[in-house]
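Novice: In order, the protein sequence lines correspond to chains Z and C. Every letter in the first sequence is one number past the one before it in the numbering used here, and letter 6, counting from 1, is 6. Every letter in the second sequence is one number past the one before it in the numbering used here, and letter 58, counting from 1, is 172.
Accuracy of the hints is not assured; some may be wrong.
For the chain Z half of the interface with chain C, some residues (derived, Cβ under 8 Å), not all of them [to be verified]:
(1) Phe33
(2) Gly40
(3) Leu43
(4) Pro61
(5) Tyr64
(6) Tyr103
(7) Ser107
(8) Gly108
What the hints contain is simulated information worked out from the structure, not anything from laboratory work. Even glycine gets a Cβ: it sits at the ideal position worked out from N, Cα and C.
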Amino acid sequence: DVKVTQSSRYLVKRTGEKVFLECVQDMDHENMFWYRQDPGLGLRLIYFSYDVKMKEKGDIPEGYSVSREKKERFSLILESASTNQTSMYLCASSLAGAHNYGYTFGSGTRLTVV
Amino acid sequence: AQTVTQSQPEMSVQEAETVTLSCTYDTSESDYYLFWYKQPPSRQMILVIRQEAYKQQNATENRFSVNFQKAAKSFSLKISDSQLGDAAMYFCAYRRTAQKLVFGQGTRLTINP
């Protein structure tokens, strides 16, 4: 069964900490995405990557950065966590060119910043 | 920029009844794809159904079907014979060819036994 795996299901961090959210996919997908999910706002795109070492800003990149050193792994980094970054974070991947197949998602990481 | 709007934050339906979830979108493109995703309490996003804009025929997957009105930019999801396992958040999403998925705000569906 193909999978997108997010390393943590729940995470509690302190304000100002550097936070790493890890995502690994085993489907050899070129494209990977990080979304943030908040009630009433749906899913909003933070960053995405179409290839190794490539990254592009999504709709809400402020306060975040990403790293993609290997094809299967896409990391989201909160350089200095703040309480307004408390949210659900979803990682997704997709095959390049397969526009009609949507994305495969991980199970999410619920991050609380205190 | 493309936007997707789900105007029903919450919906409820009796088990075995039919329910329709609404979705509208804004685009100036003619070639694109539309999706409905389900997110149960497990948080795993599951693709329910998809529709290519160039196809006039509405997509159907078992008890799930869509009403795609391209001119009205409307893409509603109909769930027939609702089951308790259908309870979830439902997200409508739009994608134009190689571009990223844009999601609506979501509709929380409750199934009453």
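Novice: All the hints need checking, so say for each whether the structure fits it.
Specialist: A quick look at each hint next to the structure:
1. Contact between Phe33 of chain Z and chain C, as hinted, is supported at the beta carbon level, the nearest pair being about 7 Å apart and thus within 8 Å.
2. For the restraint placing Gly40 of chain Z at the interface with chain C, the shortest Cβ-Cβ distance is roughly 6 Å, inside the 8 Å limit, so the hint holds.
3. Interface restraint check for Leu43 of chain Z: the shortest CB-CB distance to chain C comes to about 4 Å, inside 8 Å, so the restraint holds.
4. Using the Cβ-Cβ criterion of 8 Å, the hint placing Pro61 of chain Z at the interface with chain C is not satisfied: the shortest such distance is roughly 13 Å.
5. With 8 Å as the threshold, the beta carbon of Tyr64 of chain Z stays out of range of chain C, its nearest partner Cβ sitting at about 16 Å, so the hint is violated.
6. Below 8 Å, beta-carbon pairs count as interface contacts, and Tyr103 of chain Z has one with chain C at about 6 Å; its hint therefore holds.
7. Given hint, Ser107 of chain Z at the interface with chain C, holds; its Cβ is 5 Å from that chain's nearest Cβ, closer than 8 Å.
8. Given the 8 Å rule on beta carbons, the hint for Gly108 of chain Z holds: about 4 Å separates it from the nearest Cβ of chain C.
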